[in-house]
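Guided by the hints, dock chain B onto chain A, whose structure is given.
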Amino acid sequence: MSEKLVQYLDGALSEAEKNTVEHQLASDSLLKQEYENLLLVKESVRQYGLKEKVSGIHELMMEELSAPVKKINPAKKFIRYSISVAAGILLLAIGYIGYNFFTLTSEKVFSSGYQSFTLSTLRDGTSSESAIEKAYREKNYPLVLQLHDSNYIKNQKNEFLSGMAALELKDNSKAITYFNNVISINKLETPAVLSDESEYYLALAYLRNEDYDLALEMMKTIRNNPNQLYRNKITNMLIQQVKMLKWR
Amino acid sequence: MEVIKNFPDSELVANIRSGQKMNESIKAIYRAYYDSLSWYVINNSGSRQDAEDIFQEVVVAFIDLVQKNKFRGESTVKTFLFSLNRYSWLNELKRRNRALVREEKYEMGQDRLEMDAGAMIADREGKEEIVKLVSQLGETCRKILLLFYYENLSMKEILDNLHYENEQVVRNKKYKCLKQLEQLLDANPALKQTLKNLLNG
Numbered sequence: 001m002s003e004k005l006v007q008y009l010d011g012a013l014s015e016a017e018k019n020t021v022e023h024q025l026a027s028d029s030l031l032k033q034e035y036e037n038l039l040l041v042k043e044s045v046r047q048y049g050l051k052e053k054v055s056g057i058h059e060l061m062m063e064e065l066s067a068p069v070k071k072i073n074p075a076k077k078f079i080r081y082s083i084s085v086a087a088g089i090l091l092l093a094i095g096y097i098g099y100n101f102f103t104l105t106s107e108k109v110f111s112s113g114y115q116s117f118t119l120s121t122l123r124d125g126t127s128s129e130s131a132i133e134k135a136y137r138e139k140n141y142p143l144v145l146q147l148h149d150s151n152y153i154k155n156q157k158n159e160f161l162s163g164m165a166a167l168e169l170k171d172n173s174k175a176i177t178y179f180n181n182v183i184s185i186n187k188l189e190t191p192a193v194l195s196d197e198s199e200y201y202l203a204l205a206y207l208r209n210e211d212y213d214l215a216l217e218m219m220k221t222i223r224n225n226p227n228q229l230y231r232n233k234i235t236n237m238l239i240q241q242v243k244m245l246k247w248r
Numbered sequence: 001m002e003v004i005k006n007f008p009d010s011e012l013v014a015n016i017r018s019g020q021k022m023n024e025s026i027k028a029i030y031r032a033y034y035d036s037l038s039w040y041v042i043n044n045s046g047s048r049q050d051a052e053d054i055f056q057e058v059v060v061a062f063i064d065l066v067q068k069n070k071f072r073g074e075s076t077v078k079t080f081l082f083s084l085n086r087y088s089w090l091n092e093l094k095r096r097n098r099a100l101v102r103e104e105k106y107e108m109g110q111d112r113l114e115m116d117a118g119a120m121i122a123d124r125e126g127k128e129e130i131v132k133l134v135s136q137l138g139e140t141c142r143k144i145l146l147l148f149y150y151e152n153l154s155m156k157e158i159l160d161n162l163h164y165e166n167e168q169v170v171r172n173k174k175y176k177c178l179k180q181l182e183q184l185l186d187a188n189p190a191l192k193q194t195l196k197n198l199l200n201g
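Top line first, the protein sequences correspond to chains A and B. Each residue of the first sequence is one higher than the last, beginning at 1 in our numbering. Each residue of the second sequence is one higher than the last, beginning at 1 in our numbering.
What the hints contain is simulated information worked out from the structure, not anything from laboratory work. Do not rely on the hints blindly, as some may be mistaken.
From the derived model, a few chain B residues whose C-beta atoms are all more than 10 angstroms from chain A [claimed, not checked]: (1) Phe7; (2) Pro8; (3) Lys27; (4) Asn44; (5) Ser45; (6) Thr79; (7) Ser135; (8) His163.
Below, simulated BS3-like cross-link-like pairs (lysine-lysine); rule was C-alpha separation at most 27 angstroms, straight line [said to hold, decoys possible]: (9) A:Lys4 / B:Lys68; (10) A:Lys187 / A:Lys220; (11) A:Lys32 / B:Lys68; (12) A:Lys4 / B:Lys196; (13) B:Lys78 / A:Lys32; (14) B:Lys70 / A:Lys4; (15) B:Lys173 / A:Lys18; (16) B:Lys174 / A:Lys53; (17) A:Lys18 / B:Lys192; (18) A:Lys32 / A:Lys53; (19) A:Lys174 / B:Lys179; (20) A:Lys53 / A:Lys170.
Owing to the predicted nature of the structure, the values given are computational and were not obtained by experimental measurement. Using N, Cα and C, we set each Cβ at its ideal position, and we do this for glycine too.
Extracted from the complex, chain A is given alone in its bound form (with noise of 0.2 angstroms):
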């Protein structure tokens, strides 16, 4: 009977032969017992089986779970290091650029490039001194604005000092109007008289009055003008600010 009721524990028997050892086991407390006895030892095994795969599983977890932080070789090391060192880098000017950026102003820009202007470059020990120039030299510069107005004579000096009075007391508006006007006579007139420095300083009235597209032209003509006296004035970071400035 023993091989039979291994069989029913293994549920290998037929539905009949099934049927047939549950009715000797219903009736045989002998067989009932020794039927117990096969489930225990299934039992023991089960145990046994289930200690075993979590015992071989428990192993590799402890090595997982306490794996130390592995070594990076000084390759890897160095490499990482630069990429630390270069993304800090790259923070950093992002960060710088980003300041700038936000902080900028037209302002700060026009105060970069601006130099007041000297009058004694004007002279040339043979011509009188008119009262735009002495109000000029004076700085006095509303009376300068006020004598352009007034006793009038329209030359490119006497626009010039005018321009560079109304820039001095941040009249924009006025400053590129009579700038645009010496630049305009000395297209009628031979020679040129301050010529250059009428568009550099048109330029920075542009800059300061916000016109960037305009003063961002008339930087470019100073810069392809080989013979422009301010031409190295017009730096590469002097437009970068602009265009920075306009993009906002």
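Showing chain B alone in chain A's frame:
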């Protein structure tokens, strides 16, 4: 590289119950709960080795209970494992009779879930005895019985694994091994009782 997978409770229990993806499921339990469960043991007078042993015991008990449909999902897997862990460790401490553990703390700490867990989990020594018993079999016998009764392989699959002449030879060998184990068990009535408890809960 192996994908580290976390199962939701329902999927984990279903996998264990069906015996599918057992390795992945056991690994998921380790990854999700080993740290916190071992922390409990270590912070209650246990060593790292104690924590490891108790965790293994807990995982074995959990799988066993799920496969016998005794985990019904009334609590989360996490809560259930914590209870098993707590019960197993306090039981172990009690067994060791450590003065460090105050009996009243232990009694007060027992909630309904722990009492249930206690009834479900067999004593540690008993389980160790089972392992010793099966280990007394020869390697071939152990292998055949494990493949058939634990891995649920068919005779044909076992034949492919062990390279016997035919299925009947394997069947005969398996029968002999079973009888051998039965005799070993007959000589150990206490272990029979442990197995009865495990089998019937």
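Now for the hints, and whether the structure bears them out:
The beta carbon of Phe7 of chain B is kept farther than 10 angstroms from every beta carbon of chain A, the shortest such distance being approximately 15 angstroms. Listed as a non-interface residue, Pro8 of chain B keeps its Cβ farther than 10 angstroms from every Cβ of chain A; the least gap is roughly 20 angstroms. The Cβ of Lys27 of chain B sits about 6 angstroms from the closest Cβ of chain A, inside the 10 angstroms cut-off, so the non-interface label is violated. Distance to chain A confirms Asn44 of chain B as a non-interface residue, since its nearest Cβ pair spans about 20 angstroms, more than 10 angstroms.
In this structure Ser45 of chain B is separated from chain A by more than 10 angstroms, as the shortest Cβ-Cβ distance comes to about 21 angstroms. In this structure Thr79 of chain B is separated from chain A by more than 10 angstroms, as the shortest Cβ-Cβ distance comes to about 20 angstroms. Consistency note on Ser135 of chain B: stated as away from chain A, yet its beta-carbon is not over 10 angstroms from all of that chain's, at 8 angstroms minimum. Remark: the non-interface label on His163 of chain B is consistent with the geometry, its nearest Cβ contact in chain A lying 21 angstroms away (cut-off 10 angstroms).
With a C-alpha separation of about 25 angstroms, the suggested pair Lys4 of chain A and Lys68 of chain B falls inside the 27 angstroms cut-off, and the hint holds. With a CA separation close to 19 angstroms, the supplied pair Lys187 of chain A and Lys220 of chain A stays within the 27 angstroms bound. In summary, the hint linking Lys32 of chain A to Lys68 of chain B is supported, as the alpha carbons are separated by about 22 angstroms, within the 27 angstroms threshold. Restraint check: the Cα-Cα separation between Lys4 of chain A and Lys196 of chain B comes to about 23 angstroms, which is no more than 27 angstroms; the hinted pair holds.
For the hint linking Lys78 of chain B to Lys32 of chain A, the alpha-carbon distance of about 40 angstroms lies beyond 27 angstroms, and the restraint is violated. The suggested pairing of Lys70 of chain B with Lys4 of chain A is violated, with an alpha-carbon distance near 30 angstroms, which exceeds 27 angstroms. For a cut-off of 27 angstroms, the pair hint linking Lys173 of chain B to Lys18 of chain A stands: about 23 angstroms separates their Cα positions. The hinted pair formed by Lys174 of chain B and Lys53 of chain A meets the criterion: a straight-line CA distance of about 21 angstroms does not exceed 27 angstroms.
Restraint check for Lys18 of chain A and Lys192 of chain B: the C-alpha separation of about 26 angstroms stays at or below 27 angstroms, so the hint holds. With a C-alpha separation of about 31 angstroms, the suggested pairing of Lys32 of chain A with Lys53 of chain A is violated against the 27 angstroms cut-off. About 116 angstroms separates the Cα atoms of Lys174 of chain A and Lys179 of chain B, which puts this hinted pair outside 27 angstroms; it is violated. Our distance criterion of 27 angstroms between C-alpha atoms is broken by Lys53 of chain A and Lys170 of chain A, whose separation comes to about 87 angstroms.
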